[in-house]
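Protein chains: 2
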Amino acid sequence: MADATGQLLTYYHREFGIELSREHLNHKDELQAFPEAHQKLVYEFTFRTDFFRTMVVKEDCVRVMERLNKEFEVFIVSSAMEFPNSLSEKFAWLQEYFPFLHWKQFVFCGRKSIVHGDYMIDDLPHNLDGFNGEKLLFSAPHNLHFQNYRRINSWKEVENYFFPAD
Amino acid sequence: MADATGQLLTYYHREFGIELSREHLNHKDELQAFPEAHQKLVYEFTFRTDFFRTMVVKEDCVRVMERLNKEFEVFIVSSAMEFPNSLSEKFAWLQEYFPFLHWKQFVFCGRKSIVHGDYMIDDLPHNLDGFNGEKLLFSAPHNLHFQNYRRINSWKEVENYFFPAD
Numbered sequence: 001m002a003d004a005t006g007q008l009l010t011y012y013h014r015e016f017g018i019e020l021s022r023e024h025l026n027h028k029d030e031l032q033a034f035p036e037a038h039q040k041l042v043y044e045f046t047f048r049t050d051f052f053r054t055m056v057v058k059e060d061c062v063r064v065m066e067r068l069n070k071e072f073e074v075f076i077v078s079s080a081m082e083f084p085n086s087l088s089e090k091f092a093w094l095q096e097y098f099p100f101l102h103w104k105q106f107v108f109c110g111r112k113s114i115v116h117g118d119y120m121i122d123d124l125p126h127n128l129d130g131f132n133g134e135k136l137l138f139s140a141p142h143n144l145h146f147q148n149y150r151r152i153n154s155w156k157e158v159e160n161y162f163f164p165a166d
Numbered sequence: 001m002a003d004a005t006g007q008l009l010t011y012y013h014r015e016f017g018i019e020l021s022r023e024h025l026n027h028k029d030e031l032q033a034f035p036e037a038h039q040k041l042v043y044e045f046t047f048r049t050d051f052f053r054t055m056v057v058k059e060d061c062v063r064v065m066e067r068l069n070k071e072f073e074v075f076i077v078s079s080a081m082e083f084p085n086s087l088s089e090k091f092a093w094l095q096e097y098f099p100f101l102h103w104k105q106f107v108f109c110g111r112k113s114i115v116h117g118d119y120m121i122d123d124l125p126h127n128l129d130g131f132n133g134e135k136l137l138f139s140a141p142h143n144l145h146f147q148n149y150r151r152i153n154s155w156k157e158v159e160n161y162f163f164p165a166d
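Protein chains in written order, with the numbering used here: chain Y, 1 to 166; chain S, 1 to 166.
Just so you know, these hints were derived from the structure itself, not from any lab.
Please read all numbers here as calculations on a predicted model, not as lab measurements.
Do not rely on the hints blindly, as some may be mistaken.
Identical copies go unnamed one by one, so any copy, or any two together, can satisfy a pair.
As the list claims (entries may be wrong) - For lysine-lysine, the following PhoX-like pairs were computed, each having C-alpha atoms within a straight-line distance of at most 25 Å:
(1) Lys70 / Lys40
(2) Lys104 / Lys40
(3) Lys28 / Lys104
(4) Lys28 / Lys70
(5) Lys104 / Lys135
(6) Lys58 / Lys70
(7) Lys28 / Lys58
(8) Lys40 / Lys28
(9) Lys112 / Lys135
(10) Lys135 / Lys40
Chain Y with its partners taken away, still in its complex shape (with noise of 0.2 Å):
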């Protein structure tokens, strides 16, 4: 839903003032895709203020999820707890972006093997692992090379998964 990699690239100019593409993460953990040198800080940049609170979200991201709402039990399930700063500002990020998601509707948890249910999408494969349900792998830079779930390249292929009739 949030673009975390251009979140990551945007600190990153912005901090060593260098301008890394997208495809330079490509088939990258995310961390391993800056210099060796660069990593500790760049992970820091997930603990600041702000971090999550002002990352873009993607396009057709909220027409999708707000017609995905209206015809299915739609849960938001976000790994927060490795950035306990992050817990409020994914709450405000939310509530700023999907007014029409009810605060009943988000999980923030550790691990998501704790969850279940009928589709999850996820752009890390490990999430999906565990999980019961139909799987479908959010692309992103990091997981380009993983073939083990159906992939999903754009919020509006999503729409296409879960509306074919259209």
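Mind docking chain S on chain Y? Use the hints.
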């Protein structure tokens, strides 16, 4: 895990100068145990800074949780979303009293219907209703009239349930 009832009574006493007993709350929804004219303010206690952070941990809870954590895959699933301030406070509270738990084991959610597992211990019957595994109702003044689920009255009883061979 936290003595929410005690915290409400403490705040109520401090604010209104009235000392209610725990027994006064028996068989009533938490808010409805307070005089109607005070209910709105009592509800607002839960939005105050430190309301969740300063709760007393229940007797035997730390010891039994530590023991459970060695034998089972334990998750702490907390309805935290109604009170966004509580997110960081609950996180800090858990880290203070349960340093042996990892943040990967924390889940803050709105509705607990999204989680699954082998056992759920909860004081709210509606949280247990949709659960797939074994359901254990932890006694609280507000649930004493519910008969639907196996009742657990203390953390000592939790210990006896999971370690019957002691």
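For each hint, the structure was consulted:
In this homomeric assembly, Lys70 and Lys40 never come within 25 Å of each other (Cα to Cα): the closest approach is 42 Å inside a single copy and 32 Å across copies. In this assembly of identical chains, Lys104 and Lys40 lie within 25 Å of each other by CA distance solely across copies; the values are 21 Å between and 35 Å within a copy. Only between protomers do Lys28 and Lys104 lie at most 25 Å apart by alpha-carbon distance; the minimum there is 23 Å, versus 35 Å within a single protomer. For a Cα distance limit of 25 Å, the shortest separation of Lys28 from Lys70 qualifies neither inside one copy, at 36 Å, nor across copies, at 35 Å.
Proximity of Lys104 and Lys135 under a CA criterion of 25 Å is satisfied in both settings, with 23 Å inside one chain copy and 21 Å between copies. In this assembly of identical chains, the alpha carbons of Lys58 and Lys70 lie at most 25 Å apart only when taken from the same copy (20 Å versus 41 Å across copies). In the homo-oligomer, the alpha carbons of Lys28 and Lys58 lie at most 25 Å apart inside one protomer (21 Å), although the nearest pairing across protomers, at 46 Å, exceeds that limit. When the C-alpha separation of Lys40 and Lys28 is checked against a cutoff of 25 Å, the pair qualifies only within one copy, where the shortest distance is 16 Å, while the shortest distance between copies is 52 Å.
For a Cα distance limit of 25 Å, the shortest separation of Lys112 from Lys135 qualifies both inside one copy, at 13 Å, and across copies, at 21 Å. In this homomeric assembly, Lys135 and Lys40 never come within 25 Å of each other (Cα to Cα): the closest approach is 32 Å inside a single copy and 44 Å across copies.
The structure shown violates the earlier hints numbered 1, 4 and 10.
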